[in-house]
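Q: Next come the chains, spelled out residue by residue.
2 protein chains.
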Amino acid sequence: MNINQLGEFRLIDRLNRILPIDDKDVIVGYGDDCACVKVDDTLLLFTIDIQVEGSHFLKEKINPKDLGWKLSTSNVSDIVSCGGNPRWALLSLGLPKDLEYGFIEGVYQGIREAQDYYGFFTIGGNVSACNQVMIDMAMVGQTDRFVGRFGAKPGDYLYISSYLGLSKSGLELILMDKKEYEDFEKRLINKHYRPIARVDLVETVKQANSCIDISDGLVADLWHIVEKSNVKIVIEKEKLPIHPDLELYCKKYNKNLYDYILYSGEEYQLALTSAKELGLIKVGYVEEGNGVYLKEKSDLKLLEKTGFQNTLPTQQQHHLELTKDLTLLDKRLLHLLLVLS
Amino acid sequence: MNINQLGEFRLIDRLNRILPIDDKDVIVGYGDDCACVKVDDTLLLFTIDIQVEGSHFLKEKINPKDLGWKLSTSNVSDIVSCGGNPRWALLSLGLPKDLEYGFIEGVYQGIREAQDYYGFFTIGGNVSACNQVMIDMAMVGQTDRFVGRFGAKPGDYLYISSYLGLSKSGLELILMDKKEYEDFEKRLINKHYRPIARVDLVETVKQANSCIDISDGLVADLWHIVEKSNVKIVIEKEKLPIHPDLELYCKKYNKNLYDYILYSGEEYQLALTSAKELGLIKVGYVEEGNGVYLKEKSDLKLLEKTGFQNTLPTQQQHHLELTKDLTLLDKRLLHLLLVLS
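From first to last, the protein sequence lines are chains A and B. Heads up: the first sequence at position 179 corresponds to 179 in my numbering, and the numbers run straight through without jumps. Heads up: the second sequence at position 103 corresponds to 103 in my numbering, and the numbers run straight through without jumps.
Source of the hints: derived by calculation from the structure; they are not laboratory data. Please note that a few of the clues may not be correct.
No distinction is drawn between identical chains; accordingly, a pair holds when it is met within one copy or between any pair of copies.
Dumping the calculated DSSO-like pairs for lysine-lysine here, alpha-carbon to alpha-carbon at most 27 Å [said to hold, decoys possible]:
1. K251 - K179
2. K97 - K305
3. K297 - K237
4. K59 - K276
5. K65 - K239
6. K237 - K305
The structure presented is a predicted model; accordingly, all values stated were derived computationally and were not measured.
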């Protein structure tokens, strides 16, 4: 059996069972945005995330500074969603021998911008030869209260930290490869290339019962909370805020707004549950039960974990036609990217 | 300019300058086996190391358990050489979609064996699509005294923790791809596949002024101490212990013993300097000055940092002929491996 047949989540589950954790200092192991360990009186958070050429980015398409920024953001976002501040990072680079120095220098400049913005320091690293560019970042954060996916309670409100759907529309615009873009399109593209982790909300996260960063899409990520907390989450459709740029995009390209708001990944906004008033956007509530539901007036519809993937193939075809300058290999990987995104 | 023209050390140096560290809790940043930060009353050590298919191993040749063991060992060895005990690890996997599940399961079983032996726990990870198998491990260790490359002092003795030269001869035997091996050859091969980090020597390391693990070869690693400590290190040739299996190997294949003892990488033994009696193998001393020298009777010879690489090409050719079942790509990467090793 190959790993594609097994699927990502079953693969991870099987592998993790080979490495059980038996350490009283480990507060949280696998299965959340971060692992958490206790060192003296401090809770440290650990996460690791990678960007692989072809799977996560196309080298000819991406500005290397954006790549460095995005890699940093995805790690910081994991730390923030567990209630922590980012502190230290380690980098592991896999680089082809013939890579131009300017590319990796640009990646580092993007990481520097992210360090200055988010307030962490890179303290170590490692370089190896690899056929593809791959940049792995491990990050350490610090908190005094771990907030995870497992604490949602019936009676909680469901909050999100901002508009959703922008990253996915931005990616689609990039893949259209147009000669000219309208202003709103440029803004959406920028949301994809320069997402911002909500390091400004760390204190708010610490007030919540559960939190997750929206990297797989709102529905997929709420399912993680549902499964870890054993609750039912109801999204109230009319409460979901609609970003004016996304509205313009969906009108122009005849798309369904909620395919974006509910399923766009790499948003790096937060979804939180709490019985308190958190001062964020209230878009639903938590009940006893199981599953993620969309409520429209009195109608309640179960949202499948994998609901969106089925609607992708024709879009993929469309995108692949629009990126004729990519190699066949890149196209195969782009296909994979779209399936995973 | 591409990164190959720049060279690994100049590349790392340039990149690190883009990310300066300004954090009072960071005790040691770049340039040692581990970074070190202070958390409350504890010193934490951080390192990260990767195994990339083609650069570090050939998938068809390696037992995946050995791969998991070796990846763990290289990280543990960095922690140990800074005087720490390994505590926690994070894994980042890049896997081709068509990879057999059994391969990655084997890698995890090897990591499990290493965890049980060295006493650490893997607490988190991440899986991505990649054309090559690549397995990145970040590790956290703990100590009460950081020992680095910078503390060597004139008057120190030079110690090593055991025989050297076994890993390189083992690798050469593997690449010969023989149908049958003699017993001593099997033992050397095992030293390459199953190196052991000296976690038993952590308390001894803490007594030393400087320490490094021998991953690049004794001479190359002593140069790191020389540069960080501003000292001269003299190796006394007649004090270097000769392993009987290595002696058999060099006789059989007409090799020079000291090409192995001085230049074999991936040994994961330790080189230490201290004015105290450490109970290890005393093979030289530290003086004021600069450079790594070999003393034979009254003759003192400077050992270049890059001395050994010049003697490799004919051996590479030989090995490549002996590995006819490898793809052209693997051969190219094997070439790279030999140049880097």
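Q: Hints first: check each against the structure and report whether it holds.
A: Verification of the supplied hints:
no.	hint	result
1	K251 - K179	within (20 Å within a copy, 68 Å between copies)
2	K97 - K305	between (41 Å within a copy, 22 Å between copies)
3	K297 - K237	within (8 Å within a copy, 85 Å between copies)
4	K59 - K276	neither (45 Å within a copy, 53 Å between copies)
5	K65 - K239	neither (36 Å within a copy, 52 Å between copies)
6	K237 - K305	within (17 Å within a copy, 66 Å between copies)
Hints 4, 5 from the list above are not met by this structure, while the remaining hints are.
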